[in-house]
Structure formats: structure tokens, C-alpha cells
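**Student:** Make a model of the complete structure from these sequences and hints.
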Amino acid sequence: MIAFLALLGDAWRRARDRRSVVVLRFVALLVAVFCASLEFTNPDPRESLKSHLENFCQRIRHGPASFGIILKLRRMPRVDARAPAAEDDLPLGLDHVAVADFEIADLDDFDHVARALSGRSGPWRDAAPLTARQRMDAISGFLRERGWETVITRARDDSGASLFVAASTDHLAELEGKWHFKLFFGAADVPIDSMTPAEVVIDVQRTVARLLAGVFGMLVLLMAFGSTLPDLMQKGSLDLLLARPIGRARLLLFTYAGAVLTVLLVTAVIYGVCAVTLGLRSGHFSWAFVASALPTTAVFAAVFPVAMLVGVVTRHGNFAAVAALACYGAADVVAALRTQIVGPTLVNGSMWKPALEILWWITPKTGEIATLGALSLGRSELSAAGFERFRQQLPAAADAATAYGTTALFAAFFLGATILLFRRRDF
Amino acid sequence: MDPVTDAAGAASAIAVADVHKTFRGGVHALRGVTLDVPPGEIFGLLGRNGAGKTTLVKILLDLVRPTRGATRLLGVPSRLPKSRRDVGYLPEDHRFPDYHTAESALRFYGGLSGLGGARLRERAGEVLGRFGLAEARRRKIRGFSKGMKQRLGLAQAFLAEPRLLFLDEPTDGVDPVGRAQIRGQLEELKRRGHTIFLNSHLLSEVEQLCDRVAILDQGTLVRCGTIAELTSAGARFAVAAADPIPAAVVAELGALAASVQATADGVEVELNDEAGIDAVVDLLRARGVRLRELTRRRHSLEQVFLSSLRDAPPGAPPGITPPKGPAP
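Chains S and W are the protein sequences, given in the same order. Note that the numbering used here has the first sequence beginning at 1204, numbered continuously upward. Note that the numbering used here has the second sequence beginning at 62, numbered continuously upward.
Everything labelled a hint here was simulated from the structure, so no lab data went into it. Don't take each hint at face value.
[Unchecked claim] Non-contacting residues of chain W with respect to chain S, defined by C-beta distances greater than 12 Å in every case (computed):
1) L122
2) L141
3) H161
4) G178
5) E249
6) R252
7) T292
8) L314
9) A325
10) A340
11) D343
12) A347
[Said to hold, decoys possible] Okay, derived cross-link-like pairs now, DSS-like style, lysine-lysine, Cα gap no bigger than 30 Å in a straight line:
13) W:K143 / W:K210
14) W:K251 / W:K207
15) W:K201 / S:K1253
16) S:K1438 / W:K210
17) W:K210 / S:K1381
[As the list claims (entries may be wrong)] Some chain W residues close to chain S (C-beta under 7 Å, calculated; not the full set):
18) L124
19) R145
20) H155
21) R156
22) G172
23) G175
Just so we're clear, the structure is a prediction, and the values are computed from it rather than from any experiment. Heads up, the beta-carbon is just placed ideally off N, CA and C, and yes, glycines get one too.
**Tutor:** The following block contains the structure:
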């Protein structure tokens, strides 16, 4: 235990001393200042309801990517949004309520979009008109997707062309609608109408996580730690270590664990600072964001053994870091090829498909782990409906057991090979 | 049977039994080295560059694996990490991670040796003070001079108060005052019963410090013994007189000695038996020669070392038996 703490302390000192980590800290400081400069203005419920009803539409997705077309009403409905009144006879206890009188300008046009919304799209001319109930359901479903938690619709006539709509939510930050997002302490005002404030907060968090866990972060961390073993194996350095009463395998494992724990600490501190500054500005403290340090560290823990193995073989720090980065990049490329480009479309059924499958299984699931981290973040930060909307924006990820399991096997293989080689060598 | 598991090996601080090492490429670094260092001794290992000294030390510390043979430290096979539990090591050309301060480096290496807490702090403070680094304790090593790094190397080797110390060129880069201090530290350790294995090219240092010395040449142990044994020149004496010794007296001495040689201040006699020196002194006094000094002649360690090498350079002293094979 004392030996492990000594190696942990050494890894921490190494991290503090490396210029690349100083750069990372500076970038993290910039990110924290940026987060502190953000201002969030929640959407006005009445304006949001009016905007939603006026833009009754259906986005039709094509393929696995987010390409699609938007099916909108050709004739604008008349929407009269207002504050609730006593005669509206609404249930008690609703938060952030908005009501509107909604007049459909063209029933055929409305029904066409509504059918698409409910998945009952068919020939335009031959389809039977929707009932008033179906029209109300279409509006309710549409509004729930925009973040309203409670939607009440009443038909004012038999056809359902004139409707009363009341909507409310407990989570105003998850309400899609018109609101303002200010950057740089109010210097830039960004009007937003397609994302909720909660989604923007999560997107900022994901961007920070991608920055730190993505190429830049991994570059910095692997440059800082990739040379650990080559430095340790320099003539005169290793003698001082191996002359201690500690076995070679244990020395390597402790060195690995020390580096991984240091990265966890560094990223947790950076994420923590960002979470606090974002929380102070948005009023929404996201401790789950601090936990995003875990997937970031998991990615590092998966590719660091590559640097260790190359370091033991070549005794060259830069080679070790570059090899680990290449592995990280290759894993992303393989995952992208498998899920988005080659897999479903171009070479389906050819010999490339099983080759890609095999490659995917043996490479670390760095992209999937990042996606799983984002999912975990969304799950803890958003309501069930909000999370469902958020989930649809993310690429499909392997299940956690597969992603983490195969990644752990990858790391264990390289770590094992490193230990085997290190134990057999004369120094 | 493992040659180092016998009773003698178990009682030794260092036991080496028939160790061979052939590196990849066919380089024979060690050829059947066998030696034994009892506890409490300062043992010096001499040899030219490439003789195999460092390889032997590395095998003892399990940095290099022997091709054949076995070694033990303090009775424990040196393949096992626990054999190094009570061992300190100062490698030649050691290199500390330069992001450490003197103090944090000692905490790091002390931790790896199993020292921790208040004991580690206390020991680190003590050795830093002992080696003159107390004021530089919080300075980064990258700003240290060569001498300071060497003293820090010694500090880390002494840190855990090991029973067995391996020192490779311990005074390299240290000024004369520092060297004297280091010698004092080593003598103090010896008095306290610690065993020290010294690799040094400074023969004068080895001669001053070591109880026993071994000489390695081309991977073979060619000599091993106490300083007195190695430097002994037999029954050879120098007699200094107050006045020049008459030639007739010198001729008379020829009857008592195997050889007699007049010198600037007297004569040098080589006897068949050292007891014969009494007869020499009696004769000189009987002839009225006023004696000033009688000394037993010894070879210097350098002479012994040079003459021990298989391809001894010109100038190696005559009369020292050249090596014929591995020493026991």
C-alpha cells in the first residue's frame, strides 16, 4: 500500500510538472470562464405554446444520421395564446401553465401532418379525415414532444377545427421554445427556438467532456503519461526503482493505477469546476457531470496500456504517446465505419463487414463509452420525456456491458503483454 | 543442489555461486563467478570497464537475470523482491525524475522501500542533513549540480538504514571534502555492522575503506582477499640508515638474504623467511650502522590490480603472480 501511494504521488507530481497538463489546466480555466459567462433565460410558457402550435410539423428522419425533412402546415393556424382564466376550468396544481385557442385553417393539410406524426401517413387524397379526438391526440403528442408534461385539449366544435389547448410543465428548463442564451457576460445574445435550456446545458457539458475526453484531452493526457515507462526505463532511473523490494509486475500495475487515478482526479476537478460555474449561471447544478470524469478516465485507462507496451519495447516516450493516440483514433474510425458508413449501406454482406465486426470487437469502445457517458448524464439530468428526446439525438451505442467489457479486455491484453515483456527483460 | 543454499551461503550477506551471464549477441559478461561476503564487511570489487562488475551487481539486485548460477542477498535468493527489503543501492550514473524535489524523491523511494509516515519523514530529514542537502530539500532536482545529485543518490541509498549497501562509484563528482565525509559515513556504517559492497575505480579509496577486495577481469574473478593479503610482497624489507651503508656490509648481508639491493638511504633485502630480519638487523648494528627505519615492503593496490589483468599493461610490477584462472 505504501509503495502504491508512493507511485501515485509520483504520477501526480509528473502530471503537475508536464507542460501539456499545464496547457490542459489553462484550457479548463478558459472553459470555466466561458461557462461562467453564460446566461440562461427560460422560455416564456405562453410564447412557447404559441410558437409550438403555430409550427405544428413533423420531422421525418431518413437513415441513421439526423438527415430528414420537415413536414409543416401549408396554411398557418390561428393561435391565440393567453394566460389561463377561471372559466378555463383547469385542474389545480399545474406549474407554468399556458392556454391557447387554436383554429385549424385547413383540415386536410392538418390531417396530413397529423397522420405523419402518428405514423399513419398514407395517400393524401384518399385518406379519410381524422376525427376530432385524433386531432386532439395529435396536438397533445406534438406538445409533449416539445417538453410539455401535462396537455389538455378540448374541441370547441364537432370537427375539431377549433380547439382549446392548455399545457403545463414542472421543468421549464426542458421546454422547447423561444428563449435567449447570452454568451460572454451578455455581450452576445443568441435567440434559441429549437432546443431547451436543459439541452443546451447538457450540450455545453458534452462539449466540455468531448474537448477533454476527445482528441485534445487524450493528446494532452497521453503526451503527459505516455513517456512514463520510457522515462522510468532510462539508464540510471530504473535501477533506482527495481532495487526496491517490489516485484516488476506490481511496479508496472501500480504505475498504471497511479496514472489512471491521477487522470481521474485531474478530469474530476476540471469537470467539477465547470459544473459549479454552469450551475451558478443556469441554476441547475449537475453533479452527474462531475461523474463524466469516469468514462473519460475509462477511455484513458483503455489506451494507456498501448503507450506502456510501446514504451517498454521502444523506450521512446513520443512513440508511446503517438501509438496510443493512433489506437484511440483507429477505434473511433472503426466504430464510425461499422455503424454509419460501411455497415448498413455500402458493403453490407461483403467480406468487409465481418472484418469490421472483428475489428470493432477487438478495439476499445472509446466512442461508445463517451456516448454511454452522455446517456448517463442525460438520464440523471432530464425528465423521462426530456431524456427520450435527448437520446434520439445521440448515435446508437453498444450496451454498457459489451462496451466496457471488450474495452477492459483490450486494456488487460496490452497490460498483460507489457508486464510479460517487462518481467523478462534485463535492465 | 543450489550452491547458495548451503549453510555458508545462508549466513553470508552476499553469496554468489558460479554465476554466468551471456548477453544476446554472445557477449560473455560473467564466467563462473563465485564469491562470498560475510556480514559487516566492506567489500570492494575492482575491474576495468567492461570487466563485468556492474553486471554482477545488477544480477545481485535482479536487474539482470543470470544465464546460470545463483545468488543470495542476506540469505534470500535475489530473484525474490523480499531479498531487497534491507538493501540500499547507489547506481553509477543514476538519474532522478527531475520533477521531484530532494525531499519528495526521498519520500518516493522510501515509500517503495516500505518506509512511511513519521518514520520516513524523520529518516528523510536525517539523511538530507547528513549529506548536506537540508537547505536544498525543497528545490527541484533539475537545478542540482552533479555533486548534489550524487549526495542525493547516497541519501536515498542510506534512507532505510539498510543492512546491505551496494555503492557504485559513490564519490563520483563529489569534492574532496565531500569524499572524506562519505568515507566517514561508510566507516560509521561498518562500525554499526552494515555490509557494504563497493564498486570503485578509485583504488586509493578502496584501499582505505575495504576489508576485502576482489578483482574481476573479462568476467572472471582473478583475485580475492584482504588488502593485506593482496598487497603483501613476501618477506621484503627496506632498511633506512642514518649514514650510507658501506659496500662491504652490503656484501655481508648477501649471505643472509635471498637478494640485497642498495638504496639511496639504506638497503632493501628479500629474505627466504621473515624471521631472518633479526639476523639482518643484528649484523647491521654489529657493523656500527645507525638504523633509522625498518619497513615491510608492500605492493600498492594499483600494482596488484594492474598485474592481475590477463593482458596486463607494460609497467605492471614484477614479482606479482599473474592470474592463471578463476579465484575461489
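**Student:** For the pair we were handed, W:K201 and S:K1253, check the Cα-Cα distance against 30 Å.
**Tutor:** 66 Å, violated
**Student:** Against chain S, run the beta carbon of W:G175 and see if the smallest gap drops under 7 Å.
**Tutor:** 6 Å, holds
**Student:** Let me know if the C-beta of W:R156 comes in closer than 7 Å to any C-beta of chain S, holds or violated.
**Tutor:** 4 Å, holds
**Student:** Is it correct that the beta-carbon of W:L314 has no partner in chain S closer than or equal to 12 Å?
**Tutor:** Holds, since 57 Å exceeds 12 Å.
**Student:** Double-check W:R145 for me: the hint is only fine if its C-beta lies closer than 7 Å to a C-beta in chain S.
**Tutor:** 5 Å, holds
**Student:** Non-interface claim for W:D343: all C-beta distances to chain S beyond 12 Å?
**Tutor:** 59 Å, holds
**Student:** Between the alpha carbons of W:K143 and W:K210, is the straight-line distance 30 Å or under?
**Tutor:** It holds: about 27 Å lies between the C-alpha atoms, which stays within 30 Å.
**Student:** Holds or violated: is the Cβ of W:G178 farther than 12 Å from all Cβ atoms of chain S?
**Tutor:** At about 8 Å from chain S, W:G178 fails to clear the 12 Å cut-off, so the statement is violated.
**Student:** A closest beta-carbon separation below 7 Å is what the hint needs, so does W:G172 meet it against chain S?
**Tutor:** 3 Å, holds
**Student:** Does the claim that W:L122 lies off the interface hold, with its Cβ farther than 12 Å from every Cβ of chain S?
**Tutor:** 5 Å, violated
**Student:** Is the Cβ of W:H161 farther than 12 Å from every Cβ of chain S?
**Tutor:** The claim is violated: W:H161 sits with its nearest Cβ about 6 Å from chain S, within 12 Å.
**Student:** Does the claim that W:A347 lies off the interface hold, with its Cβ farther than 12 Å from every Cβ of chain S?
**Tutor:** 63 Å, holds
In the structure shown, a violation is registered for the earlier hints numbered 1, 2, 3, 4, 15, 17, in ascending order.
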